[in-house]
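Asks: Take a look at the letters that make up each chain.
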Amino acid sequence: MSAVAVDGVWKFYGDYPALRDVRLDAAAGACLALIGRNGAGKTTLLRIMAGFSRPGRGEVRICGTAPRDTATRRRIGFLGHGISVYDELSAIENLTLFARLYGLQEPRQAAAEWLERTGLERVANGLVREFSRGMRQRLAVARAFLHNPSVLLLDEPFTALDDRAIAVLQRLLREALAEGKTVVMSTHQLREALELATDVALLNRGRVAFAGPRTAEMVADPGFLYARYGEG
Amino acid sequence: MTGFLRQVAVIAAKDLRAELRTKEAINGSLAFSLVILLLFSFAFDPTGDTTREISGGLLWIVFAFAGTLILNRSFARELPNDCLDALIAAPISGAALFLGKAIANYVLLLAMELISLPVFGIFYNVRWTGQFPELMLVLLLGTWALTVLGTMTSALTVNIRLREVMLPLLTYPVLVPALMGAMQLTMALIAGKPIDADNVMWLKMLIGFDVIYTAVSLVLVETVLVG
Chain U
1 MSAVAVDGVW
11 KFYGDYPALR
21 DVRLDAAAGA
31 CLALIGRNGA
41 GKTTLLRIMA
51 GFSRPGRGEV
61 RICGTAPRDT
71 ATRRRIGFLG
81 HGISVYDELS
91 AIENLTLFAR
101 LYGLQEPRQA
111 AAEWLERTGL
121 ERVANGLVRE
131 FSRGMRQRLA
141 VARAFLHNPS
151 VLLLDEPFTA
161 LDDRAIAVLQ
171 RLLREALAEG
181 KTVVMSTHQL
191 REALELATDV
201 ALLNRGRVAF
211 AGPRTAEMVA
221 DPGFLYARYG
231 EG
Chain E
233 MTGFLRQVAV
243 IAAKDLRAEL
253 RTKEAINGSL
263 AFSLVILLLF
273 SFAFDPTGDT
283 TREISGGLLW
293 IVFAFAGTLI
303 LNRSFARELP
313 NDCLDALIAA
323 PISGAALFLG
333 KAIANYVLLL
343 AMELISLPVF
353 GIFYNVRWTG
363 QFPELMLVLL
373 LGTWALTVLG
383 TMTSALTVNI
393 RLREVMLPLL
403 TYPVLVPALM
413 GAMQLTMALI
423 AGKPIDADNV
433 MWLKMLIGFD
443 VIYTAVSLVL
453 VETVLVG
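Chains U and E, in that order, give the protein sequences. With the numbering used here applied, the first sequence corresponds to residues 1 to 232, in that order. With the numbering used here applied, the second sequence corresponds to residues 233 to 459, in that order.
Just chain E, with the same shape it has in the complex (with noise of 0.2 angstroms):
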């Protein structure tokens, strides 16, 4: 087990390492998003109610948006010089190789995301942290859902030439149960309603979605990589 979560550690470091020095994806994904919260502020009257009701869902769509840049480059950084290559020929398993990229691009993706909350606060007159450590919670849950799937997808069209077209095609149709809890619960979240009763169900379904999709995408990932 410890030598499962070295490999993992070691594949997380080197995504990370490799992007922070060349900051493609992250600094794309972070304009992006900011651009996008900025349009949308000017075709929306920030101090209207509706804004803010609708707000939750237009952050999460942002997030999953800006979020597919990220996850296209995961498994694309590996075709320049045949990377890819040398990590299916080296003794770990597909599972160590995925669970690293993930934990690389929920580490981008939770610092996208972290940037662009208070912006976004800022543009539509919103105040998020009302109930900070729920909506940090509903936060994690959600770019997880998004991570796994993503990662997962990136592995998929690794390898055809439309990737960046196909990973949002094929991500969101599946993503959907999961972008509809979190966009749910940051709704209320940020209207100032807690979890309770009412929205509970949206959270137990993103915990689900996160556990089932994980361990589908552990189980599958050697198969997708290799055939």
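If we strip away everything but chain U, and leave its shape as in the complex, we get (with noise of 0.2 angstroms):
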């Protein structure tokens, strides 16, 4: 059974198709970096992964079970745009709040754990509008990483990350993967994606041009994929 299963999924915004029949699968413990450019259905088809919206047509199955499945959606990590983390409360106080909305046993020391794990144990009570940029991208892999769950959606996580958050979310994806995670990333950082991918996707226009395993050649030469399946 596959971790991530998409068939046939499509999107309609009005009468535009954000995405045209999308098939793909991400085995336990692949990592699948779905590229393309802005515009082509990355942000939407994790999104709708995530069960924050419901395909048009065709079904997303996370471990099986439908995303929005209470029991499913303690499985997903979710990291967006936005961090979504909430300004005016402490470090502590938001990675506690969710740690109790996924009913973790011991909700604070779970936030206090991973604090740590991403470098901001000092900072615990510090309200989150005083932290710096990356400060506060650190607590947001935290929030995603929290619940320890077993399917990573991640959309553009690289983006705009200091030094340091790279180092952190590349190390917290690498332990993921190596304890049979699965991972899901949309990716404009080609080199990043490729060095943790097994398999890769790209979307052209909502629809799946090339979706296979990741190659040397691709590593070698990131804009391979997009020369050879994409718009050039």
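Hints listed in this document are in silico derivations from the structure and should not be mistaken for laboratory results. Any given hint could be a false lead.
Claimed, not checked - Facing chain E, a subset of chain U residues (Cβ under 8 angstroms, in silico):
(1) 10
(2) 53
(3) 78
(4) 89
Unchecked claim - For lysine to aspartate or glutamate, the following DMTMM-like pairs were computed, each having C-alpha atoms within a straight-line distance of at most 25 angstroms:
(5) E/255 - U/130
(6) E/436 - E/366
(7) E/255 - U/87
(8) E/436 - E/285
(9) E/255 - E/396
(10) E/425 - E/442
(11) E/425 - E/277
(12) E/425 - E/314
(13) E/255 - U/7
Said to hold, decoys possible - Derived DEER-like restraints, expressed as beta-carbon distance ranges:
(14) E/409 - U/29: 52 to 60 angstroms
(15) E/343 - U/198: 48 to 56 angstroms
(16) U/162 - E/350: 50 to 58 angstroms
Beta carbons: idealized from backbone N, C-alpha and C, even for Gly.
Assembly of the complex is requested from the two constituent chains, each provided in isolation within its own frame, with the hints serving as guidance.
Replies: Here it is in structure tokens:
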């Protein structure tokens, strides 16, 4: 059974088809890099996978179940364009809040542990609105990983990250993949993504132009897929 | 069930904590309420019997207008940093999210109303404490009606640009029966009349409104948020 299965998904915004018959699979332990130009449909697809919106046609299954099932949502960690933490709350309050919502046994302990793993333990009680951009991003990463999800859906995870946050995220993703978790990430940072990816899918105007295992050729020349299957 | 209630409590506590840190909604709402009460007190002769007769209605109009400032912020506060995505992604039901937010709004609205009431009494020369328990009952029921409808509309309008305009436009017409009930009962209580056979139907309607709109909102909120 695929950890993430996308079967004939269409999504319309008005009459415009943002996704057209998208079919993708990611096995458990795989890291699928979704690449494509702006407007190719990467974010729309990730949002449907995460259960934020429903497809017009087709279906998405996460570990065999629908994304909106409560049990499925426990398995998904989502990191989107926004950091999804509250400026008015402290770092520890933010993580404790989400630990409680995910029903973790020791919410505050889990929050403290993730603050330490992302190097934010010294500012645990500081309000997020006073954080630097890099610190906010590391907190967002901690929030996405906090509940130990088995499927990580990451939308442009490396964009606008500082060096330290990139290092933290790459380390956490490598650990997650080593533990057999599944990662699906959309990205424009091909070099960082292809280092981690086991599979690659290129979206072009809502269609899957290419889907397959990552090859050495792609790592050597990140523009290779665009040149061959994209719009050049 | 305990899991559901825990989720409701977590959401309500989060909203109240965030509001107490910024005081954006409560300060705006309270200031608006006091200014409107003050301005109307200049427009009417506070000693006149007519003023006292319409003061119940005036009070609820002020509560409804000032309340939208709190209700508008309810889901809108989730927009910066895309926090709504994180809440929708969390394994909690839409009903728990809605109820948590509604309870936080209810507390804030009641706080604004309870501060405004004595000011209203002074400006309009009204002895509002004469039937205090009954008045509190009407206040609790009327405020819940405003809360539940306003919170639902806040969810409905969260992703549109003109949400500050749309929330009152969508809320007030539907709220009319509850507002009428609350106004009629408040006017009677302030005039020293008890809740009896003459006006108990307004109380029943207020309770019915609360029950129906709470149930409908709890069922529909997931569809409103996710589509």
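Asks: Checking each numbered hint in turn, tell me which of them this model violates, lowest number first.
Replies: Failing hints, ascending: 1, 12, 13.
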